[in-house]
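Using my numbering, you'd call the opening residue of the sequence shown number 103 and step up by one each time.
Derived from the structure by calculation, the hints contain no laboratory data. Even for Gly, the Cβ is constructed at its ideal location relative to N, Cα and C. Hints may contain errors.
Listed next, the in silico DSS-like pairs over lysine-lysine satisfying Cα-Cα at most 27 Å (straight line) [claimed, not checked]:
#: 1; residue 1: 127; residue 2: 159
#: 2; residue 1: 233; residue 2: 159
#: 3; residue 1: 113; residue 2: 127
#: 4; residue 1: 159; residue 2: 120
Distance windows between CB atoms, simulated [what the hints assert, rightly or not]:
#: 5; residue 1: 136; residue 2: 241; range: 46 to 54 Å
#: 6; residue 1: 172; residue 2: 202; range: 33 to 41 Å
#: 7; residue 1: 157; residue 2: 121; range: 18 to 26 Å
#: 8; residue 1: 174; residue 2: 265; range: 26 to 34 Å
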Amino acid sequence: MQEYPSALLEKAVGELAKLPGIGRKTALRLALHVLRQPVADIDEFTDAISHLRHDVKYCTLCHNISDTDVCPICADRSRDRSMVCVVENVQDVMAIENTQQYHGLYHVLGGIISPMDGIGPNDIEIDSLVKRVEGGGISEVILALASTMEGDTTNFYISRKLAATGVRISVIARGISVGDELEYTDEVTLGRAIMNRTEMKR
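Start from the sequences, fold in the hints, and give me the full structure.
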């Protein structure tokens with residue numbers, strides 16, 4: 103194992119290496135880069151990270167991240183409140199918003215059903231989705247989950263849970279390659295997939 107000239111440098115490298123996609127060599131380069139920056143810039147950076155973790159909330163309605171209890175999308179009265187687009191995570195909301203093709207609301211599940219990973223229906227925000235739909239005012243639920251076995255399993259489970267509500271259930275068009283994640287799909291393809299969604303058969 104590499105020896106460091108400073109215990110503080112070694113600790114910083116260890117913490118940076120915990121970030122996804124960051125190995126120890128990259129962590130060392132980042133730590134040394136930090137040492138070359140003005141103290142005020144680093145203080146501002148660490149303050150932003152601290153506030154991100156302590157002050158960012160999850161919207162009480164859709165579970166998107168927000169600075170307030172209700173996110174700006176849910177609070178926007180110009181959005182089509184009769185449509186709810188169900189996505190796996192916050193990155194998917196950002197990806198769909200970037201298409202500028204969808205003007206309804208969202209529901210962030212916080213994951214998808216994956217028995218192999220120990221994630222069941224009770225571990226994600228499906229019950230809160232059912233309650234939203236049962237509360238009335240929603241005429242269509244768009245399932246915008248990844249085209250994977252886990253995504254399709256989650257789609258099927260949600261469609262069964264919502265069957266008694268009579269709400270229209272659609273899935274985004276399969277212009278997105280099977281196995282692809284939404285956040286890595288180009289905006290044109292993703293926008294067309296939203297516009298050309300198909301009704302899900304129960």
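* Asked: Against which earlier hints does the structure fall short, listed by number upward?
  -> 1 and 6
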